[in-house]
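Trainee: FYI, the numbering for the sequence shown is 1 to 599, going by full-length UniProt numbering.
Hint data in this document are derived by calculation from the structure and do not stem from the laboratory.
Watch out, some of these pointers could steer you wrong.
[Stated by the list, open to error] Okay, derived cross-link-like pairs now, DSBU-like style, lysine-lysine, Cα gap no bigger than 30 Å in a straight line:
(1) K452 to K177
(2) K248 to K295
(3) K248 to K178
(4) K178 to K263
(5) K486 to K371
(6) K250 to K263
(7) K177 to K51
(8) K263 to K371
(9) K263 to K301
(10) K177 to K295
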Amino acid sequence: MYVTVSGEASVDIHMSNMIMLTFDLVMTEDQFFGEQLTSNLAIFFDIPPEKIRVVNVIPEDSVTERKKRAIDPGHIVVQIEIGGTPTLSINDTVTDGLSVEELNVLRDEIIDAAQTGELSAELGLPYSAVYVSVPLPDPDDPAWADIAADVEEDGIEIKLPAAFSLYTQPTSVLEGKKMDDIQVQLVNSDGELVSQFGNNNWVATVELETPPGLESSILYGGSMSAPIVNGWANFSDLIVSTPGSGYKLKFYASSPLNMTHIKGFTDSFDVERREMDAVITIPSTLTESESFDVKVELMEKGTNTPFSYNDWQSMSFSVFVSLNSVVNYTDGELVVSSTNWDVVDSNDGTSLITNLALSRMNGYVLDILVKSAPDASYGFTTISSPVVVYPAGYTVVNVFISEEVTLAFADSSSVDSTNLPYFEITLFNHLLHTYDNVSVAAVNCTEGLECKFTVGGAVDTVGDVILSLRESVEQETAAIMFDGSKYSVNEISVEGESTEETTVPAVAEDPNALPLWVIIVIACCAAVVIILIIIAVIVAKMKAGNSKVNDSSRSITPFFLEENMTYIGAPPTSTKLPQLEPRKADLERINESGMIILS
């Protein structure tokens, strides 16, 4: 109501505390019955009927003056005033009014009842919107300074919760592992956030909807209920127990009433199975029959975090250690003093198998079997890193040179990637037992069964090994036994080059070696001495009356191959004398005589 005051006479204005309640009712003006509405409101809120008055009914073909809001077809707007009874005279006193505090409590009750749907049920009137005004302070209340000048006559709209909208969705969900936080919004039918409430504390609750066949799966971990603050609810640390596809999370309003009709769902999501792996701690080198321990630590596959199964499933794990049966060992075995298995500690996910030993010089691989119970499907098998066992008291080979050798095997497609590590160890064992006084390392085979490794040691020893390997390939005797089958080598190359002729590779110059000119002087002196000896022998024979030397029966002093010479300092870079190129047949006699006889 607007009042225009003019003239010089004083005017007394008497105010009555009240609030304005406005309904957007889904009905026509002819269907509306005002007395029934006020009576039902009085009963529901326990207010005397005379304090509730219908002050305005706006039909559907009108527009509210203040809000300029068009009324939907088939709707009417009803404005109701709640407060003390108005007086008809200036001399009358307002009695039985409602205080500002009482009106604020009533306003919150109206908001609660409207948002929960109780108000619509009690009134028997369907409404699409409810507005309630804020009670104005008493005239002498300083709070007037905070009152906005444009307070809406109809009041503030009470947004009615209709559903939950998912602000975040579950992503990358793993069984037994906390999923990322999920945030939901409480919205009305227009998708607008409902952020204002009355006295009630609104709470959202989450439930797991399982796909067929996974009804036993559970949701646990964090809290299943979360308070709705300013229209938002946040759920953290939720865990799904069982892997599967087609899961959904359902959210509903569990307080102030169990309003399951106010709900929302996540998109369908999958829960991936958690894969396990193990970190194996084992010595890389041992001596024959030396005692050692194997430590196994369960981990989440793809991460470096310990695998914690006690948080999500009542399961136990145990670890068994055995000698891998695919690798070809030479009379080698795993010696177990006490036991070859252990139960995994549920606190840190580790197990320790002690007092094991390996009997003979070989490269070994151990199988690590992890068993799970009662669900055996979580068990898995892995292997240890290679363990090289040497005889007791062995000495390390001094590596003066190192050459990379490549062997290409004929049956290249019969060993898959899973068995390649075992093939590598088998090849290593063959080389280890075939060649002495060299170091074999870095054995690496590709799926095409092209295996590379390095041979290190003294110059002559490495040369002998390479020569032996070449000859065995040429004679088609180079082969190893693996997993019950024979694998032959059909090609060999050294440092990436395949040649028919074996040379001992050059080594870096030793800084302590004698200078070249000293070696030349020594060699010249030795030659002079040899010539003088030969001359002396010839002269002596001539004096003794020996006959002349027949040219057809003379022999040439043998010349030792440089591979068999003892070098002073570093050996020369060239390992052959061109004028004494050995013939192929002569090579067969190198190991016995160390010389080549030219005829």
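Trainee: Evaluate each hint against the coordinates.
Mentor: Quick rundown of the hints versus the structure:
1. K452 to K177: Distance of about 43 Å is beyond 30 Å: violated.
2. K248 to K295: violated, 41 Å
3. K248 to K178: holds, 16 Å
4. K178 to K263: Measuring from Cα to Cα gives roughly 23 Å; hence the hint holds.
5. K486 to K371: violated, 34 Å
6. K250 to K263: At roughly 7 Å apart (the allowed maximum being 30 Å), K263 and K250 satisfy the hint.
7. K177 to K51: violated, 58 Å
8. K263 to K371: violated, 43 Å
9. K263 to K301: violated, 37 Å
10. K177 to K295: Holds, at roughly 25 Å.
Checked against the numbered hints above, the structure violates hints 1, 2, 5, 7, 8, 9; every other hint is satisfied.
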